[in-house]
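Here is how the chains run, residue by residue.
Number of protein chains: 4
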Amino acid sequence: MFTTIIRPRVSETDGMGHINNTTIPVWFEAGREGIFRIFTPDLSFKNWKAVMVNMNIDFIKEIYYGMDVEVYTWIGKVGNSSFLVKEELYQDGHLCARGTATYVNFNQATRKAEPIPQSIRDQLEFHRREE
Amino acid sequence: MFTTIIRPRVSETDGMGHINNTTIPVWFEAGREGIFRIFTPDLSFKNWKAVMVNMNIDFIKEIYYGMDVEVYTWIGKVGNSSFLVKEELYQDGHLCARGTATYVNFNQATRKAEPIPQSIRDQLEFHRREE
Amino acid sequence: MFTTIIRPRVSETDGMGHINNTTIPVWFEAGREGIFRIFTPDLSFKNWKAVMVNMNIDFIKEIYYGMDVEVYTWIGKVGNSSFLVKEELYQDGHLCARGTATYVNFNQATRKAEPIPQSIRDQLEFHRREE
Amino acid sequence: MFTTIIRPRVSETDGMGHINNTTIPVWFEAGREGIFRIFTPDLSFKNWKAVMVNMNIDFIKEIYYGMDVEVYTWIGKVGNSSFLVKEELYQDGHLCARGTATYVNFNQATRKAEPIPQSIRDQLEFHRREE
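Chains as they are written, first to last, in our numbering: chain A, 1 to 131; chain B, 1001 to 1131; chain C, 2001 to 2131; chain D, 3001 to 3131.
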């Protein structure tokens, strides 16, 4: 599991006085850096392989400016060429948002999804959790 | 159905050379302004009522800078206090992303969801589509 | 002069209830698309030439969600390899922000600024205004 | 002086392959949290006092995804009701951007700038640096 501490920014709030819902996908993406590194160790865009095909987020509780947030990121099911990322966001001990993201292992040259190689599969397995 | 034309911005692209996936929730939210006006005609934040509880997006095709995008937004199922928004995003005639957003009719004073009043229900019905 | 109409988004507001100041550089950049096209007619990133070296913005009046904004963009002084962009933002007839941006004509291959060619100079001249 | 470590996000890059210039104002704003706390210790928006009137940024060197950034923030000249913030951004030991931001001590109730109280002046002085 990956843990990412995020400090909310004024620019991430909205007129309702708390964090805007479109900020959460940004934070969840930030929490996936460790996964991106498994697919593209140098994080270079020309070698980038992990491409998102679905995101799903439950908004459970309002998130406020002025207090850090923890994002927990782990791997769920791993298929042939795709895999599921699971994520939870806490602030002040409360679960505030929960999401999944489905990624495929994409080859930019052929522009096709490819089977996930065994070496990457092993690393994903290390970050996998049943629930 | 609401139609919103959006011009992609350089700042909305990412290092892969196309629109970053976290931009799509921003554009879909922009496409819901007509719905926000049904709940809060003056769009003032202190009277705001439509609060998101879930977002789900399928990313189907890459979206590019340099060509306008159309966002189509309509109403799906309407429940007692919640309702479903459906949305599709096209660029150059291709469906590039498709999503749903679940909102509740939220009372900021009591901090509770409330039944959707009939007058609002009638307006939502006007923008409802079976599929 | 280029005119760009921008519809403010909920995600661009902040907890103070109006548009966050970090949104203005995004809108001003959006207003420069016509200038980017002069340097890179196909707007492709691999041929991109206009690179910003300075931005300066005066924030004059609060900007609100719920009403369109007009961004006016024109060319000021044109130097050997650099040029000045001037911009103003109005909402409801009021000047709300005013800025300048300095760009250079940058060659990505040599990674150096280059003199602005005469053909581009002519097009910039067309959008130049004394003040 | 305030030091803020920021981890660049994929969503903050653009098609050129590095951090988009509109991200820098967001990071500089994040670096000012310590200053916002001096004016509004609970960081609540209804008591917010520090309002920006000018931002000026020099873009010196490209900033990349994949390596942390340090933002240094300090106080320059303090006037009667306004003050100057100075900021520098480094990545991998290189100065990449440098900026100033002018703020006023704003009273939301009267909607007027007010003299900066002595207690706040003393705290600003603590973070002041000649150059």
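Where hints are given, some of them may not hold.
In silico SDA-like links for lysine to any residue, alpha-carbon gap of 20 angstroms or less [as the list claims (entries may be wrong)]:
hint	chain 1	residue 1	chain 2	residue 2
1	B	LYS1061	A	ALA109
2	B	LYS1077	B	PHE1036
3	D	LYS3046	A	LYS77
FYI, nobody ran anything at the bench for these hints, they're computed from the structure.
Looking at the structure, which of the earlier hints fail to hold? As far as the earlier hints go, only 3 is violated by this structure.
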